[in-house]
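Heads up: the sequence lines are chains A and B, in that order.
Reading the first sequence from the start, the letters are residues 20 to 230 in my numbering.
Reading the second sequence from the start, the letters are residues 770 to 993 in my numbering.
Honestly, I wouldn't trust all of these hints.
Claimed, not checked - Label pairs and their in silico Cβ distance ranges:
| no. | chain 1 | residue 1 | chain 2 | residue 2 | range |
| --- | --- | --- | --- | --- | --- |
| 1 | B | Gly783 | A | Arg57 | 44 to 54 angstroms |
| 2 | B | Asp898 | A | Ile56 | 29 to 39 angstroms |
| 3 | B | Gly788 | A | Arg57 | 38 to 48 angstroms |
| 4 | B | Trp928 | A | Ser37 | 28 to 38 angstroms |
| 5 | B | Gly805 | A | Arg111 | 14 to 24 angstroms |
| 6 | A | Ser192 | B | Gly844 | 40 to 50 angstroms |
| 7 | A | Lys84 | B | Gly903 | 36 to 46 angstroms |
| 8 | B | Arg906 | A | Gly170 | 50 to 60 angstroms |
| 9 | A | Ile56 | B | Phe821 | 51 to 61 angstroms |
| 10 | B | Gly844 | A | His196 | 33 to 43 angstroms |
Hints were generated in silico from the structure; no laboratory data involved.
Just so we're clear, the structure is a prediction, and the values are computed from it rather than from any experiment.
Yeah, the Cβ is synthetic: ideal placement off N, Cα and C, and Gly gets one too.
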Amino acid sequence: MEQELISKKDLLEQMDISYGQLYRWKRKRLIPEEWFIRKSTFTGQETFFPKPLIIARIGHILQFKDDLSLDELAGTLSPLQTDIRIGAEELRMRGLVSEQMILRHAGLALDSGQLPFDQAFYLYVAEHMSQLLRGEITEQETGALVRLLRGQLPKLEGKLCELVALRTESGSSMVLHTGGGRLYADERTTIAASIHLDEAIEAFKKKLYAY
Amino acid sequence: MMEQPNRGRANIVGNGSVGGGAYTSVRIVGEGEVLGALGCDTFTCTGNCTVFGPVRAGLFKQRGDVTVKGEWSGGHLKTLGQLTIEGSVRAAKLDIVGQLTAREFVETDNLKLQGAIEVNGLVNADQADIRLYGPSRVNEIGGGRIHVRLSRLTAMKEWLKPRHSTELSAALIEGDDIHLEHTRADIVRGNRIHIGAGCVIGRVEYSQSLHVARSAKIGEEVQL
Chain A
20 MEQELISKKD LLEQMDISYG QLYRWKRKRL IPEEWFIRKS TFTGQETFFP
70 KPLIIARIGH ILQFKDDLSL DELAGTLSPL QTDIRIGAEE LRMRGLVSEQ
120 MILRHAGLAL DSGQLPFDQA FYLYVAEHMS QLLRGEITEQ ETGALVRLLR
170 GQLPKLEGKL CELVALRTES GSSMVLHTGG GRLYADERTT IAASIHLDEA
220 IEAFKKKLYA Y
Chain B
770 MMEQPNRGRA NIVGNGSVGG GAYTSVRIVG EGEVLGALGC DTFTCTGNCT
820 VFGPVRAGLF KQRGDVTVKG EWSGGHLKTL GQLTIEGSVR AAKLDIVGQL
870 TAREFVETDN LKLQGAIEVN GLVNADQADI RLYGPSRVNE IGGGRIHVRL
920 SRLTAMKEWL KPRHSTELSA ALIEGDDIHL EHTRADIVRG NRIHIGAGCV
970 IGRVEYSQSL HVARSAKIGE EVQL
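Given these sequences and hints, build the entire structure.
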């Protein structure tokens, strides 16, 4: 799906910022490398940005840059970029999250057809998990999984984290596991699937920003 | 770099090598090798040194010839001589007299260079002050204030016997304040631009002001 792009020139003019600021923010990793999209135009190479993302991000930076140092600001942005909002339609078009998942589990996070980045990521993980389990996961279990991610992941920010699905005869349950060690289950329990969340977030970003 | 409780000092006088790791200080006089990733508060080298891995240093002072087989990141990098980095450079401040070669990008708040520079990627600096002593090549320069001039000595030599070999070539130069001399670039974009003697520029895009020296050649001028 084509995403709307904005050229660097237009961006500077529209947001009233200078080249120096833009390059400084790039240096401080406030603007991700993958948003700098090079394209040939008739005047030579130009840099373009995904318009909704960059405008939201620069708005966020401009709003907070007087109160926080750039390094602190960088800390508030990564890795879950909560200032960014993603259209539910886009998630669906890119095959990241199914319509059903959004309808049933987005809940209050969905605001005028858009989801914050972190919430969209939770749904993506849930979708991915249900694919790994080949759909052998009930509605209630999916709901519990989304609630688990919402409740725990913000607190674990920055830690390596693995999501593990355990299955017993009575059903399955989800466990978040930090530290990277192995899990040992008793004979009535099987480890049905696992997702490394740091890999998942990279995959999510890659698919989301791909053109 | 892993944080280690007791970090030592390493000294090499003469010929020698140390293993990689975390140190408070590394001092090399003569010829040395660091055999792996290096993290230290201060690094001083007078002579030759090769680091076989990435470097993270608070202060890195060097006279002579240093090669880093990996990326360099840290605070203040001070060079008199030749520095080759087979990766990227991320520093708060770069003070270089001599030659800087980097295989990837260079990012710094303040770049001061007298000599020659060769960078395959983007040079991203808030303030870039480059005085050319020899042929230089970068892919892109971006930042706030960008000044490129000939060094006084080279300017004098050029005046006595023009050879035009000392120049900077770049694909793109973008900044708020740009002052260029003896630069070959495809595109220059900025707010206030001064194109000085000996420049050959394909296209200049400016928003506030543009001054062009008589001996400069510009393909196209566009005011935005």
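We went through each hint and held it up to the structure:
Distance hint for B:Gly783 and A:Arg57: a CB-CB separation of about 49 angstroms, consistent with the stated range 44 to 54 angstroms. Here the CB-CB span from B:Asp898 to A:Ile56 is close to 30 angstroms, well matched to the stated 29 to 39 angstroms. As the Cβ distance of B:Gly788 to A:Arg57 is approximately 41 angstroms, the hint placing it in 38 to 48 angstroms holds. For B:Trp928 and A:Ser37, the hinted distance range of 28 to 38 angstroms is satisfied, since their beta carbons lie about 36 angstroms from each other.
One distance hint, 14 to 24 angstroms for the beta-carbon pair B:Gly805 and A:Arg111, is violated here, with the actual separation near 48 angstroms. Checking the proposed 40 to 50 angstroms range against A:Ser192 and B:Gly844 shows it holds: the Cβ atoms sit about 48 angstroms from each other. About 39 angstroms separates the C-beta atoms of A:Lys84 and B:Gly903, a value consistent with the hinted range of 36 to 46 angstroms. Evaluation of the 50 to 60 angstroms hint for B:Arg906 and A:Gly170 yields a pass: the beta carbon distance comes to about 53 angstroms.
The hinted window of 51 to 61 angstroms between A:Ile56 and B:Phe821 is violated, with their beta carbons roughly 36 angstroms apart. For B:Gly844 paired with A:His196, a C-beta distance near 37 angstroms keeps the hint of 33 to 43 angstroms intact.
In terms of the numbered hints stated before, the structure departs from hints 5 and 9, listed from lowest to highest.
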